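Given chain A, work out where chain B should sit, using these hints.
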Amino acid sequence: MKSALSNQQPSVRAPRTRHRIADGPRAILTALFLFLFASAFVTPARAQESPYIVTYNHYLEEPGSLEVEYFSTFGTQRGGNDFHSFWAEFEYGATAWWTTELYFDGQTTFNDSTIFTGFRWENRFRLLQREHFINPVLYVEYEQTSVADKILKEVEGHDVEADYAVPNAIARHEHNHEIETKLLLSKTFQGWNIAENTIATKNVTGGNPWEFGYAIGASRPLALKASAHRCNFCRENFIAGIEMYGALGDRYSFGLHETSHYLAPVVAWNLPSDWTLRLSPGFGLNDNSHRFLLRWGVSREFPNFGSAIARLFGGRKQ
Amino acid sequence: MTTTTTMPATKASLLLIAAAFALAIATVPAYAQGGTYVPKKNDGKVYAELTKAPKKAITRRNPMEKDPDAKAAGANLYDQHCAECHGELAEGTRKGPSLRVDQVQQATPGTLFWLLTNGVVRRGMPVWSKLPEPERWQIVSYLKSLAPETTGSKPPQ
Chain A
1 MKSALSNQQP SVRAPRTRHR IADGPRAILT ALFLFLFASA FVTPARAQES
51 PYIVTYNHYL EEPGSLEVEY FSTFGTQRGG NDFHSFWAEF EYGATAWWTT
101 ELYFDGQTTF NDSTIFTGFR WENRFRLLQR EHFINPVLYV EYEQTSVADK
151 ILKEVEGHDV EADYAVPNAI ARHEHNHEIE TKLLLSKTFQ GWNIAENTIA
201 TKNVTGGNPW EFGYAIGASR PLALKASAHR CNFCRENFIA GIEMYGALGD
251 RYSFGLHETS HYLAPVVAWN LPSDWTLRLS PGFGLNDNSH RFLLRWGVSR
301 EFPNFGSAIA RLFGGRKQ
Chain B
1001 MTTTTTMPAT KASLLLIAAA FALAIATVPA YAQGGTYVPK KNDGKVYAEL
1051 TKAPKKAITR RNPMEKDPDA KAAGANLYDQ HCAECHGELA EGTRKGPSLR
1101 VDQVQQATPG TLFWLLTNGV VRRGMPVWSK LPEPERWQIV SYLKSLAPET
1151 TGSKPPQ
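Line by line, the protein sequences give chains A and B. Sequence positions in the first sequence follow my numbering and run 1 to 318. Sequence positions in the second sequence follow my numbering and run 1001 to 1157.
It should be emphasised that the hints constitute simulated quantities derived from the structure, not laboratory data. Given the structure is predicted, the values throughout are model-derived calculations rather than measurements. Yeah, the Cβ is synthetic: ideal placement off N, Cα and C, and Gly gets one too. Hints may contain errors.
Claimed, not checked - Covered stretches of chain B, as calculated for chain A (at least 3 residues, CB under 8 Å):
| # | stretch |
| --- | --- |
| 1 | 1071 to 1077 |
| 2 | 1105 to 1119 |
| 3 | 1124 to 1138 |
Pulled out of the complex, with its shape left as it was, chain A reads as follows (with noise of 0.2 Å):
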């Protein structure tokens, strides 16, 4: 959700502040800490993820599991400085119906600065307990973010291209904080998977309406059977998909009027050596959106990360 503030297009640019990361070294210390310490007590096993950077399939983490992952997304700005912003992810399967994750943001401004840009808690619960036709997922989130975050992980609302182009240096002192609900639902058939996700946000400090937005996927691996011995290039290892988000107006204005919307090939890459790669190139399609946003991302997952937080304070022992 973007401000009244960022409607304002600056008409001189703000004053060239050093490179700084304002309150997120605490932030990045915390997240390099903690993967670093999953990484010395827990093994590793090769992860099967979906391609997917913004849509959400009904796949939940494994209990007992964290994963932690690390995106970056590249943004061209029409009136403005191209951005890159990045977020550091960490998932943990609390049950086998209940997903929990810490999102980390910031981003660098091109000529500009580099700040944090804030941080989300984000919570899935599977409602049902077997796979039907449609599988849904409630998907519950905080964020405490300021304006000035620019990792797109979701449109909605009137958000345009022009809300980014507001100087670092005036847009981080504006927060947002907001309660994003999702209902998501997919469906796997014959390796495919048709995923939907729908949106719907309300800043809880202010007055704006609920603001609303999609999302919707479909993705396959290159190759159904597993091979009889482990490979790096396996097509089995590859994931491909598409996704396509973006908003739909809030409730006074429901629709795609002043709506920005992006069509983005996807694809990733399981490695047997424990790792996930994601690539992602979009493309707006309409003039409300960024005419092109590369994203990537990097994963690993850490099975049994519970069992050794456990452990480690004196839980049961094998």
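Chain B alone, transformed into the frame defined by chain A:
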């Protein structure tokens, strides 16, 4: 309308959420990896799930039955996705029951495929429909090749 926050508020929120995240981790039962399998009271309920497979699922034949590579591929998949909970030798761990017991070994391939697809979410086993059908059948081929519980050895791949 948005709200400008002061730094202490941000830190407090961050701290609160980090604490909640830590709590989520802490509330998960402290399962251990590997170790000698001691049957748990809960295992019976997990095995009982096998009896809930619908007739249509029970009678499904394994299309990978005659594939000479199916067991080896299934063994790889098992190592990657199942061993964490059920043990490297499928002997069971605190986190997941043995797959060498009669209840599992005497179940039809279709029943095992159904359970793998649907999981036992309430008991901690996730759904595995994210693996393509042929891969799930490959895992079933491997499971059906396991020696009975008493031998404790890994089957030839």
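Going down the list of hints, with the structure as the test:
{"no.": "1", "hint": "1071 to 1077", "result": "holds (count 5)"}
{"no.": "2", "hint": "1105 to 1119", "result": "holds (count 3)"}
{"no.": "3", "hint": "1124 to 1138", "result": "holds (count 12)"}
The structure fails none of the hints (numbered hints given earlier).
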